[in-house]
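Each chain sits in its own coordinate frame; assemble them with the hints.
Listed below, chain by chain, are the residues.
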Amino acid sequence: MSLVSAEFLIFILISAGGYYLIPKRGQWIWLLAFSYLYYLSSGVGVVFFLLSGTLTTYVAGCSLEMLERSVGDTEIEKGTKKRKKKRVLILTLVFNFGILGILKYAGFFVENINLVFHTGFSFQTVLLPLGISFYTFQSMGYLLDVYWGKCKAEKNVFRFALFVSFFPQLLQGPIGRYDRLVEQLYRTHSFSMERIGFGAQRILWGYFKKLVLADRAGVVVNQVFQNYTDYMGITVMVAVLCYSIQLYADFSGGIDVVLGTAELFGITLDENFKRPFLAVSITDFWHRWHITLGTWMKDYVFYPLSLSKGMSRFGKWSKKRFGKKTGRVLPICAANIVVFLVVGIWHGAAWKYIVYGLYNGVLIALASLFAPVFRKGFEWTHIDPKSFGWKIVRIIRTFFLVNISWYFDMALSLSAAVTMIKNTVLGFRISALYDGTLLQLGLDRLDYIQLLIGVAVLFAVGILQEKGIRIRERISSYPLLIRWGIWMILLFSLPFFGYITAGKGGFIYAQF
Amino acid sequence: MHNSDFETDVKKMCATGKRKQWKRILYAGLFLLCVVLLNEAVGFALLPVTYARMNLHNLEQGGYDDLFIGTSRGANNINPAVVDEVTGRKSTNLCMGNVYPLDDLYLIREACRIDPPKRVIYELDPSYYTVEEFQGMADPFVLHEMSFSSVKVRYAADKYLDDDFRILLHQWMFYRNHLSQAPEIMKMKLSEAYRNYDPALVSDAQTIYRGEGFLARQRPEEETVRAESWLNWNEEAVKKDREEDLIEMIRYCKEQDIEFVAVILPAPEETRTANPEGYEASGQYYEELLKKQGVPLIDFNENGAFTADLEKYYDMEGHMYEDGANEFSRILGEYLSLSRNM
Numbered sequence: 145m146s147l148v149s150a151e152f153l154i155f156i157l158i159s160a161g162g163y164y165l166i167p168k169r170g171q172w173i174w175l176l177a178f179s180y181l182y183y184l185s186s187g188v189g190v191v192f193f194l195l196s197g198t199l200t201t202y203v204a205g206c207s208l209e210m211l212e213r214s215v216g217d218t219e220i221e222k223g224t225k226k227r228k229k230k231r232v233l234i235l236t237l238v239f240n241f242g243i244l245g246i247l248k249y250a251g252f253f254v255e256n257i258n259l260v261f262h263t264g265f266s267f268q269t270v271l272l273p274l275g276i277s278f279y280t281f282q283s284m285g286y287l288l289d290v291y292w293g294k295c296k297a298e299k300n301v302f303r304f305a306l307f308v309s310f311f312p313q314l315l316q317g318p319i320g321r322y323d324r325l326v327e328q329l330y331r332t333h334s335f336s337m338e339r340i341g342f343g344a345q346r347i348l349w350g351y352f353k354k355l356v357l358a359d360r361a362g363v364v365v366n367q368v369f370q371n372y373t374d375y376m377g378i379t380v381m382v383a384v385l386c387y388s389i390q391l392y393a394d395f396s397g398g399i400d401v402v403l404g405t406a407e408l409f410g411i412t413l414d415e416n417f418k419r420p421f422l423a424v425s426i427t428d429f430w431h432r433w434h435i436t437l438g439t440w441m442k443d444y445v446f447y448p449l450s451l452s453k454g455m456s457r458f459g460k461w462s463k464k465r466f467g468k469k470t471g472r473v474l475p476i477c478a479a480n481i482v483v484f485l486v487v488g489i490w491h492g493a494a495w496k497y498i499v500y501g502l503y504n505g506v507l508i509a510l511a512s513l514f515a516p517v518f519r520k521g522f523e524w525t526h527i528d529p530k531s532f533g534w535k536i537v538r539i540i541r542t543f544f545l546v547n548i549s550w551y552f553d554m555a556l557s558l559s560a561a562v563t564m565i566k567n568t569v570l571g572f573r574i575s576a577l578y579d580g581t582l583l584q585l586g587l588d589r590l591d592y593i594q595l596l597i598g599v600a601v602l603f604a605v606g607i608l609q610e611k612g613i614r615i616r617e618r619i620s621s622y623p624l625l626i627r628w629g630i631w632m633i634l635l636f637s638l639p640f641f642g643y644i645t646a647g648k649g650g651f652i653y654a655q656f
Numbered sequence: 063m064h065n066s067d068f069e070t071d072v073k074k075m076c077a078t079g080k081r082k083q084w085k086r087i088l089y090a091g092l093f094l095l096c097v098v099l100l101n102e103a104v105g106f107a108l109l110p111v112t113y114a115r116m117n118l119h120n121l122e123q124g125g126y127d128d129l130f131i132g133t134s135r136g137a138n139n140i141n142p143a144v145v146d147e148v149t150g151r152k153s154t155n156l157c158m159g160n161v162y163p164l165d166d167l168y169l170i171r172e173a174c175r176i177d178p179p180k181r182v183i184y185e186l187d188p189s190y191y192t193v194e195e196f197q198g199m200a201d202p203f204v205l206h207e208m209s210f211s212s213v214k215v216r217y218a219a220d221k222y223l224d225d226d227f228r229i230l231l232h233q234w235m236f237y238r239n240h241l242s243q244a245p246e247i248m249k250m251k252l253s254e255a256y257r258n259y260d261p262a263l264v265s266d267a268q269t270i271y272r273g274e275g276f277l278a279r280q281r282p283e284e285e286t287v288r289a290e291s292w293l294n295w296n297e298e299a300v301k302k303d304r305e306e307d308l309i310e311m312i313r314y315c316k317e318q319d320i321e322f323v324a325v326i327l328p329a330p331e332e333t334r335t336a337n338p339e340g341y342e343a344s345g346q347y348y349e350e351l352l353k354k355q356g357v358p359l360i361d362f363n364e365n366g367a368f369t370a371d372l373e374k375y376y377d378m379e380g381h382m383y384e385d386g387a388n389e390f391s392r393i394l395g396e397y398l399s400l401s402r403n404m
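Just so you know, the protein sequences line up as chains A and B, in that order.
Numbers in our numbering are just positions in the first sequence, counted from 1, shifted up by 144.
Numbers in our numbering are just positions in the second sequence, counted from 1, shifted up by 62.
The shape of chain B in the complex, shown without the other chains (with noise of 0.2 Å):
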């Protein structure tokens, strides 16, 4: 390296008694350190505990057959320990609300970091493909939740250099509203129960955190009105980038010789039957795409596998209730069992 000039400047710095500069060298420094202890502080104050902490500390402990990727979905309707009586394997859900394709590119790899598994199971929602990605109160903060290693690099390169520095740098700035709550998230984070991820923290009365991933929604004592929502399915506003994300994390997984599948999930009837082309147009689509890459797609909104009556349902879009995402985990297993034959 040719630093002899900034040597020289140096020597001449020091020579003509210039000692202000390495001073202000020194001060600037400090500022700086000064600067990161402040942000940390600001983000251990005000960042919520959230159940993508658990999740990647699940996948930190390796030894898993199984990787179920996705959206919130996934989240609430896959039980892993349902799934796993029926395979006979070991599996952990992985899916979260707000993740994109590219996230789940950089869960998958993580993934292989640790300990690859042996089969990804990507439940995949269409409708994640057309919306414009939600930025603020980055629900799962995966990016946040991963340890330091190569692929955190690689993933906050991908996702968030393009962006406004401070979704990268104070990722807490979503929470600054929040203040009032920065006692008691203070209280959590110094706790024994965080330490050893105690699933109580990340869990209210609607939503349990069942370990693995798994999301319960409780039944409420009184029947809620659930909020219309159905796909909205157009072609043309799919987003070429997410789609090159999906092929990338399928060459991937071949490369890694890992078995990729596919799922869409029930959508309950009442939903589908509201827009039937939506569902069955997307369905279709993906279907196309997977059998170039030569990924099988298992579609329940297609197949008739699952009963998808609404009282299984939490809301319209398809979340469901424990005891439903129960049923469905059996069904699923059964057809994972049988996916390599398929």
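Just chain A, with the same shape it has in the complex (with noise of 0.2 Å):
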């Protein structure tokens, strides 16, 4: 079920309006039954994963919690408590990282296998069941949170499998955390209609983002990206501009539309975007991109990674060979390139994932590496690092950076990318940008002005926000003319100047 699709709209409406009519304690149920309906819209087949994931990582949380308990004071009692307690986490872990990975991945793994040694294996690929990545991944962090003490295990499997299967963030995150969630979840809402207006005008400003920016810029994107040969310098550069602009678009006005319905149920999710393209470095833009998923590796693999002893006896290895400074910086290095491979291989099973997930991983390594040698750069050349002229210098640089990585996240495949960087250098050509070039991808002038008017108002929305205005707030403080006049002209932009795409629609990060 689409997010753009009229039935999701009656499908909402349906749900949170029964929502307040019931009984407040049957409130949580009514949201699992709907967040199952929802799921078996996209099959009956593929509840079975959503099914044994949600079993075992409950019998898994449950043993955990029960092993935890069991009496055992004697060192051997808790080494063997420990010892258990890993079998399960690590049985639990595999088995659920393994449904995911032989869905995602086995294809890919196959195919390398046959290329290195000129082997025939063949792998029937299936269609990834909806949201597998995004609920593996909420599940498991809540596992480990149990395993390390953090939170308590979930005794009710019913409430257990809404915090997994909730309907709005199943499709394209955000990566809830139990401890943030649980508490909302099965706690009674009474109706509140600002919360509800705040929830459909969340919808609404995403719904803006999809259709009037992301679907716009994606026609460029596509026509450029599916026939990278014939494209080259500007051109190639305004599709990956263009798809700063789409994946942007789509990604945070999908996660908008899923935070503004969950709102309708008084549900505040983690937030997944804070102005990206504000970002001052790599790292600052992963503190801003793609947020829980960003959290959820620094908390289960970053953490745990640097903390291990391997990576302590890195640390010590590399005190020795580079002295202190740079030897504490190298274990962090190798943790984030590790936890950026992870996220690349996150994305998809393609080189071009994992090269994409390496640049971001060696970016960030990089200028932790060099961050004394930058300090001394500016002592000697003056420049004050906090000013507002090299805020901006560093913003333009990471947009840069950024864009860069966009190459192999977007193209068809690896060679595709290099091949597109290739050319975006070679074939440089500035009269592309007037001589009608632009007007042979797929959109005319009308519609580049409309991307122009759109991506302005995302920025000024973006400032207000960067500044600290809540604009759904400030807006609700105006007369009454004055602020349904700007809803009225953001509903109506979506007919009037929202892109009308041939197929049924859909947003990227739906796939993974």
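It should be emphasised that the hints constitute simulated quantities derived from the structure, not laboratory data.
This structure is a prediction, so every number in the text was calculated from the model and none was measured.
It is possible that part of the hints are untrue.
Stated by the list, open to error - The calculated EDC-like cross-link candidates involving lysine to aspartate or glutamate, where the alpha carbons are at most 16 Å apart (straight line), are:
#, chain 1, residue 1, chain 2, residue 2
1, A, Lys418, A, Glu610
2, A, Lys442, A, Asp428
3, B, Lys221, A, Glu151
4, B, Lys85, A, Glu338
5, A, Lys225, A, Glu212
6, A, Lys294, A, Glu209
7, B, Lys82, A, Glu338
8, B, Lys214, B, Glu172
9, B, Lys354, B, Glu305
As the list claims (entries may be wrong) - To be clear about the criterion: a stretch of chain A counts as covered by chain B if any three or more of its residues have a C-beta under 8 Å from a C-beta of chain B, and this derived list gives those stretches:
#, segment
10, 149-157
11, 335-349
12, 623-636
Yeah, the Cβ is synthetic: ideal placement off N, Cα and C, and Gly gets one too.
Spelled out as structure tokens, the structure:
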């Protein structure tokens, strides 16, 4: 069920309407029923994966807690308990990540085995169950929290099932955390028109991003990236810029719809974006872009890896080899590279995604390694690193570096990405900007104007938010006619200026 | 219904003096009302008057024995008045461009809701089973012109529920670039002729709406070059959901005790010789499919009953001029008279 479909609107109307009409103690059960209905709409077969993930994690969570409570004071008993807990954890992680791995990566693995060893293995690729990456990461995060004693295991299997399957976030995140969601999901919620209004406004804003910006920019992106050998220089650059617009507007627009829908039920999900294109470094970018994936990686991959025995040994070795300062930074750099390698793999089964992840990881590692050099550079050139001008330079530099990463993210393959980068540099011709070349990419002049105006609106809203202004609250303080006017313009901009796609439409991150 | 909690909430709201909540609900309702009114107003100004309105108006009059359903070729090539002269029955033509089997199914259901016909003659265009559905500028606007009924609701749900919500809520969006025509459209819709379903409103120099759904294409003073087009048949490209809609159409007609006949209209001889395998293969494919359903197929590409000279057509695809259409309709009428015995 696409988030832009009529049936989704009817679905949220019925589910949210009923939510406030039924007895409050049944609200979470109502949500669970609608979450499974939502999932069932994509096919009966895929529910098996959701159910197996839910049940194994639930049982493992309860087992971990039972083991923790089991009597045993001696060192031997404690050791046995620890080993058993570890076994339960590893088994569940392997099972759940194994399903994800087989469904998502087995084809890629077999393909590369065949390439290297000249074998002829075949693998029947199956359609990836809806949102499997998101709910697997969410439930595994919960399990690790229980293992580390950060939260208690959920005793009610149905309540746990709701945590895994809460329908607004099922399709494309954000990846929720048990400690922040649990109380909100099961608590009763009273009807609040203000909250419903805010939720609807957030959904509307998400649709604006998706339909007016993302779908329109996507036309240029598809044309150039699908036929990458035909385009050079500025045309490729424009396509990459359009991909920046498309990806951000599509993903953050989808998240706006998700967050707005959750708000209708009185549930506040974690924000996934904070003006990423105002980031001053790649590290800062990842603190603003797909935040919930970044924090998941930080908590469940980066920290355990950084604090592992192997990394500690590597730290000691590197301190001896490179000196104290560099030796302290090197393990962090290595952990960062591993984290971003995992981020790349999470995006999909292709070498281009692995390079995409590594590119980000290496940039962050280099920034950490060369931080002392940069500091000396500032002293030498008398540049104030905190000045506004330097901030702008850093924003532009980060935007440039991020745009390079899009080549790997969006290109058809790794070799296509390399060819496109080469073509950007080699075939540079400024006249492409005004000689009509850009009008042959599927958009007309009016489309480009609408795109530019839309980006300007998005940028203005971003700047205001960056200054700490809460837009919806601010608008709600305006006189009735003005605020109605604003929402009416936004609402009618969807049919008037929204791009009309030929297919059913869909969100990019829903495929992950 | 357990709405005690809701009532308690409401009581609490009032008791604690939270009148703001009610004010907000009222304002939200008013806002939505304004949105609906504005949406209707824009639709009124932008949506053109189409022959779909005339066709559905004809259908609402009822009293038809035969119902023609199908594509734009059916609209151009079948003149119900001529067919009726031969068959001695009363028919209307609901064939429209960009209308797919699912739309046809609901047109039959709508007809049955009003006054069930005795026979449905389905103009089968094999290409409509293989191409992607054309979205945008939804020419016939069948749904828009249908009167409100359970059929309309089911049709909307079946056809548009999983599509972009704007197609259902803002059909005028396909005409948003035609703002300059809005004054003319509004003037037309406010006229007496519009209220009286005057065919002149949907006719122009090239095509005259002759009544009962027949779009009579006029010969130009100077012969124009016909656009090349022929059937690119590929059995593997057949969309199974459309085929299921066809089977459902047949099943529904049987259930309603309505005779169902399928017809493949003749393509120009030149077009057929350019791609003889395509026409032959598609004809055979549908003949077999329909045979399994117990439905007769009259394939005018195969039976040679109509001399398909190019001069009778205004394009290579198979749309005829009025005189060609009248000649063909007479032959079709003769076949339909015999169809009970086929």
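Quick rundown of the hints versus the structure:
This hinted pair checks out: A:Lys418 and A:Glu610 have alpha carbons roughly 8 Å apart, not beyond 16 Å. Restraint check for A:Lys442 and A:Asp428: satisfied, since their Cα atoms lie roughly 14 Å apart, inside the 16 Å limit. Pair hint B:Lys221 plus A:Glu151 holds up; C-alpha atoms about 11 Å apart against a cutoff of 16 Å. Only pairs whose Cα atoms come within 16 Å are accepted, and B:Lys85 paired with A:Glu338 is accepted, the gap being roughly 11 Å.
Our distance criterion of 16 Å between C-alpha atoms is met by A:Lys225 and A:Glu212, whose separation comes to about 7 Å. With a C-alpha separation of about 11 Å, the suggested pairing of A:Lys294 with A:Glu209 holds against the 16 Å cut-off. Proposed proximity of B:Lys82 and A:Glu338 is supported: the alpha carbons are some 9 Å apart, at most 16 Å. For the proposed pair B:Lys214 and B:Glu172, the alpha carbon gap of about 8 Å is at most 16 Å, so the pair holds.
Using a Cα cut-off of 16 Å, the hinted pair B:Lys354 and B:Glu305 holds, with the two alpha carbons roughly 13 Å apart. With 6 residues having a Cβ less than 8 Å from any Cβ of chain B, the segment 149-157 of chain A passes the three-residue criterion, so the hint holds. With 6 residues having a beta carbon nearer than 8 Å to a beta carbon of chain B, the segment 335-349 of chain A meets the requirement of three or more and the stated coverage holds. With a threshold of 8 Å between beta carbons, the proposed coverage of the segment 623-636 of chain A by chain B holds, since 6 of its residues qualify and at least three are required.
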